[in-house]
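UniProt numbering puts the first residue of the sequence shown at 1, with every later residue one more than the last.
Note that these hints are calculated values from the structure, not bench results.
You can trust all of the hints, since none of them are fake.
Computed cross-link-like contacts, DSSO-like style, restricted to lysine-lysine with a CA-CA straight-line distance of at most 30 Å:
#, residue 1, residue 2
1, LYS151, LYS141
2, LYS32, LYS4
3, LYS127, LYS154
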Amino acid sequence: MATKRIITGIDVGTHTVRVIIAEYTQGEGLPKVIGLGRAESRGLRHGYIMNISDAVRSIRAAVDDAEAQAGLRIRGAYLALGGVGLEGVTTTGAAVVTRADSEVTDADVLRAHRAAEQNLPQAANKKILLTVPVEYRIDGKKIFARPSGMKGLKLEGTALIVTCLEQHLNDLIRVVEEAGLEVEDVQRSSLSAQPTLRTTSHLDSVSPLKKRSW
Numbered sequence: 001m002a003t004k005r006i007i008t009g010i011d012v013g014t015h016t017v018r019v020i021i022a023e024y025t026q027g028e029g030l031p032k033v034i035g036l037g038r039a040e041s042r043g044l045r046h047g048y049i050m051n052i053s054d055a056v057r058s059i060r061a062a063v064d065d066a067e068a069q070a071g072l073r074i075r076g077a078y079l080a081l082g083g084v085g086l087e088g089v090t091t092t093g094a095a096v097v098t099r100a101d102s103e104v105t106d107a108d109v110l111r112a113h114r115a116a117e118q119n120l121p122q123a124a125n126k127k128i129l130l131t132v133p134v135e136y137r138i139d140g141k142k143i144f145a146r147p148s149g150m151k152g153l154k155l156e157g158t159a160l161i162v163t164c165l166e167q168h169l170n171d172l173i174r175v176v177e178e179a180g181l182e183v184e185d186v187q188r189s190s191l192s193a194q195p196t197l198r199t200t201s202h203l204d205s206v207s208p209l210k211k212r213s214w
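Take these sequences, add in the hints, and give me the full structure.
Shown next as structure tokens:
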């Protein structure tokens with residue numbers, strides 16, 4: 001018998017809270033939407049939560065609406081994080097290749113990734129949501145493949161790092177949890193839809209590895 005799974009998403013917008021409940025059946029392709037809910041957003045200003053209790057009531061109303069359509073109760077949901085507070089910054093990190101034969105390992109790549117994140121400017125109050133590989137260099141030379149397995153002394157990695165305001169994220173998680181739901185994960189809204197991330201230097205040069213989080 002095919003395994004079925006219920007997936008719920010919540011989008012807390014400035015004007016509207018939206019909830020979608022879908023049923024995914026293994027082997028049947030795309031999930032089937034079985035419930036949609038919406039409610040006027042209260043307790044928010046310019047996308048930021050100003051009143052916890054009002055925001056909780058708005059979320060609960062949208063969830064109740066979706067549950068009524070779906071004919072079931074939900075316990076957890078994926079939280080969508082939109083453009084408010086999102087920022088994309090390009091940084092570079094470097095790591096010395098550790099193997100005696102100068103072969104780049106996955107551990108070297110990871111250290112370069114972490115160095116890029118540590119070089120994030122003005123990192124206070126920010127939470128890293130996604131690190132997208134853009135370019136690698138070995139001993140100063142640009143490469144067009146995964147660096148692991150290649151040889152050199154120094155690995156550099158340039159990345160697009162997507163961040164949000166940590167307080168804003170914590171507030172969103174709090175209101176969803178106080179509405180009676182567990183936040184299963186936080187999902188970024190479409191990067192291409194965010195003006196702050198839609199720049200030539202940031203996205204046009206992203207490698208085929210862009211879907212992979214570092």
